[in-house]
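Residue numbers (the working numbering), protein chains in the order written: chain A, 1 to 309; chain B, 1 to 258.
It is worth saying that the hints were derived from the structure and are not from the lab.
Take the hints with a grain of salt, since some may be wrong.
Residues from chain B that keep clear of chain A, each with C-beta distances beyond 10 Å, as calculated [claimed, not checked]:
id, residue
1, VAL9
2, VAL27
3, PRO101
4, VAL149
5, VAL175
Each pair of labels, with its calculated beta carbon distance range [said to hold, decoys possible]:
id, chain 1, residue 1, chain 2, residue 2, range
6, A, PRO108, B, ILE203, 28 to 34 Å
7, A, GLU73, B, ALA34, 53 to 59 Å
8, A, MET1, B, SER258, 56 to 62 Å
9, B, ARG252, A, GLU18, 18 to 24 Å
10, B, GLY253, A, GLN155, 20 to 26 Å
11, A, GLY246, B, SER258, 32 to 38 Å
12, B, PRO182, A, GLN132, 34 to 40 Å
13, B, LEU145, A, PRO108, 29 to 35 Å
14, A, ASN15, B, TYR165, 17 to 23 Å
All C-beta atoms, glycine included, are put in the ideal place defined by N, C-alpha and C.
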Amino acid sequence: MSALLLQDLRKVYANGFEALKGIDLEVAPGDFFALLGPNGAGKSTAIGIVSSLINKSSGRVEVFGHDLDRDPEGVKSCIGLVPQEFNFNQWEPVAEIVVNQAGFYGIPRSLAWQRAEESLRRLDLWDKRKEQAMSLSGGMKRRLMIARALVHRPQLLILDEPTAGVDIEIRRAMWSFLSEINQHGTTIILTTHYLEEAESLCRNIAIINQGRIAEHSSMKRLLNQLHNEAFVINVKQSLDQLGDLGGYQWQRRDEYTLEVEVKSGQSVNGLFQMLAERGIEVASLRNKQNRLEQLFIDMVESSRKRVQP
Amino acid sequence: MNRWLRYRVAFQTILTKEILRFSRIWVQTVLPPAITTMLYYVIFGNLIGQRIGEMDGVRYIDFIVPGLILMAVITNSYSNVVSSFFSSKYQRHVEELLISPVPNWVILGGYVAGGVARGVVVGVVVTIVSLFFSNLDINSYGWTLAVFVLTSILFALGGFINAVYARSFDDISIVPTFVLTPLTYLGGVFYSIGMLPEVWQKISLANPVLYMINAFRYGLLGVTDIPIGLALTIILLFIAGLTWFSLYLLARGIGIKS
Numbered sequence: 001m002s003a004l005l006l007q008d009l010r011k012v013y014a015n016g017f018e019a020l021k022g023i024d025l026e027v028a029p030g031d032f033f034a035l036l037g038p039n040g041a042g043k044s045t046a047i048g049i050v051s052s053l054i055n056k057s058s059g060r061v062e063v064f065g066h067d068l069d070r071d072p073e074g075v076k077s078c079i080g081l082v083p084q085e086f087n088f089n090q091w092e093p094v095a096e097i098v099v100n101q102a103g104f105y106g107i108p109r110s111l112a113w114q115r116a117e118e119s120l121r122r123l124d125l126w127d128k129r130k131e132q133a134m135s136l137s138g139g140m141k142r143r144l145m146i147a148r149a150l151v152h153r154p155q156l157l158i159l160d161e162p163t164a165g166v167d168i169e170i171r172r173a174m175w176s177f178l179s180e181i182n183q184h185g186t187t188i189i190l191t192t193h194y195l196e197e198a199e200s201l202c203r204n205i206a207i208i209n210q211g212r213i214a215e216h217s218s219m220k221r222l223l224n225q226l227h228n229e230a231f232v233i234n235v236k237q238s239l240d241q242l243g244d245l246g247g248y249q250w251q252r253r254d255e256y257t258l259e260v261e262v263k264s265g266q267s268v269n270g271l272f273q274m275l276a277e278r279g280i281e282v283a284s285l286r287n288k289q290n291r292l293e294q295l296f297i298d299m300v301e302s303s304r305k306r307v308q309p
Numbered sequence: 001m002n003r004w005l006r007y008r009v010a011f012q013t014i015l016t017k018e019i020l021r022f023s024r025i026w027v028q029t030v031l032p033p034a035i036t037t038m039l040y041y042v043i044f045g046n047l048i049g050q051r052i053g054e055m056d057g058v059r060y061i062d063f064i065v066p067g068l069i070l071m072a073v074i075t076n077s078y079s080n081v082v083s084s085f086f087s088s089k090y091q092r093h094v095e096e097l098l099i100s101p102v103p104n105w106v107i108l109g110g111y112v113a114g115g116v117a118r119g120v121v122v123g124v125v126v127t128i129v130s131l132f133f134s135n136l137d138i139n140s141y142g143w144t145l146a147v148f149v150l151t152s153i154l155f156a157l158g159g160f161i162n163a164v165y166a167r168s169f170d171d172i173s174i175v176p177t178f179v180l181t182p183l184t185y186l187g188g189v190f191y192s193i194g195m196l197p198e199v200w201q202k203i204s205l206a207n208p209v210l211y212m213i214n215a216f217r218y219g220l221l222g223v224t225d226i227p228i229g230l231a232l233t234i235i236l237l238f239i240a241g242l243t244w245f246s247l248y249l250l251a252r253g254i255g256i257k258s
């Protein structure tokens, strides 16, 4: 049984725009899955259909064995959704938003309060429980949406850009929280524009572009497809006298910084050795671009070319 | 978890949420109808009513009591649901319900019950105000209560449909201003349709509010312009029709889903 199964999922909006052109996707139980794609690719439409916010045109959706057409309540019971935009009553107190959501899932009020306290404490919002949601900061509102989505303990948590506009400290705290709940068995599907986020959290990935799945594989296999990797290296000695680097293509940024391209077959160790032989000591090294970002751009570009030759 | 228990909890959650919503803003929701009704009694009931004398065999101020109470019930049941549901669309927190395993009839039932709750609260407040100006001697408690609740349900349903179609705040005030208020005023709140020329009497019979006001007046005072059996049938038919249409809109996701 899959956590999520999409078969030939299609969506044509009333204005004729074909947002999904027959998507097939399978997510295994317990997975941390990334659904990536450029703006307008169809990610939010797919998520909207799975979570019953958008009517599909055709195709099949199954969540933990519940078919969306035959058993929509079964599907909904399994899902917790953190949407892209704030969609709670801004005038309501924080705790009430979470308790009411539990009520919609049939959780009696006393138990709902216990669950709300648990969720809000875990997300550092318990002290804000009596405040109106509108008074929260952007990061707190994002966490409130996560607390709300978890209150009925869903088997499948769908996060549509949960860390958009959130500062790096809170983002990292959210990553560790999400990893923890995933380790406890909750399947997570994540869409994000921060590819670093997808790379560090997710085990499997699908890239969607122009309403079609452009790639669907494990993160490891996908990253292995990288042919080139570019690094930015800070060194302790001046680069003025540096000549050939034995097959490594390099570019000087300033006197103490260089950019090097490491192709498949070459290694970072080999590069370090070359530099050491030339009397240059490395102070620090970082990827010029996030690895997944590089791949993502290549894939989106090539799928665009396939569609529009 | 038992399905029916889940539905009951969901219904109670929507209803509680609705009651808390209008209770928090009681200055906007409960107080204005009390003040407006008081002004009606002072101006129409006392000052003008003394010159009119009796209507259908009762004092004019007593004659207008049922219409004024029901007018407050109609307006408040309608506006509670239309503003609440539209605002949930506008702020997108209707999505909380759409993603939850709540059947459409529970969603509709919860919002309508919220509208009825406000209609009942306002109706009771207006009735208390009425007691300062009129000696209410209720003809039939059962009939009065039935019409009171059924009318409230009917207009709560109307408010729901308006909210589903509304795209802006202007859209939620158009129907109350241009449809609901004229129908209520022309539904015999302040007069008996027996006073109208024959042609206008016939035209008035097409106004559904007339049946509700007369049925309620019968419950309170024992006087009516139309057969009360017919009035009850029409109210029930409207409720059935509007319920079906509301559920159809929810099932199709019109106005709330893409």
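SER258(B) and MET1(A) - C-beta distance against the hinted 56 to 62 Å
29 Å, violated
Determine whether the non-interface label on VAL27(B) survives the test: each CB of chain A must be over 10 Å from its CB.
15 Å, holds
With 10 Å as the threshold, tell me whether VAL175(B) passes as away from chain A on beta-carbon distances.
24 Å, holds
Measuring from beta carbon to beta carbon, are GLY246(A) and SER258(B) in 32 to 38 Å?
Since GLY246(A) and SER258(B) have Cβ atoms about 57 Å apart, the given range 32 to 38 Å is violated.
Do PRO108(A) and ILE203(B) keep their Cβ atoms within the hinted range of 28 to 34 Å?
53 Å, violated
Decide, holds or violated, for the assertion that all CB atoms of chain A are farther than 10 Å from the CB of VAL9(B).
5 Å, violated
Just tell me: holds or violated, for the beta carbon distance of LEU145(B) and PRO108(A) against 29 to 35 Å?
31 Å, holds
Given the hint of 34 to 40 Å, check if PRO182(B) and GLN132(A) actually sit that far apart at their C-beta atoms.
Given range 34 to 40 Å: holds, Cβ gap about 38 Å.
Consistency of beta-carbon spacing, GLN155(A) to GLY253(B), with hint 20 to 26 Å
25 Å, holds
ASN15(A) and TYR165(B), beta-carbon distance inside 17 to 23 Å?
At 19 Å between Cβs, range holds.
Are all C-beta atoms of chain A more than 10 Å from that of VAL149(B)?
24 Å, holds
Quick check: does the Cβ-Cβ distance between GLU73(A) and ALA34(B) fall within 53 to 59 Å?
The hint (53 to 59 Å, Cβ to Cβ) is violated, given that GLU73(A) and ALA34(B) are roughly 42 Å apart.
When held up to the earlier numbered hints, the structure conflicts with 1, 3, 6, 7, 8 and 11 and fits the remainder.
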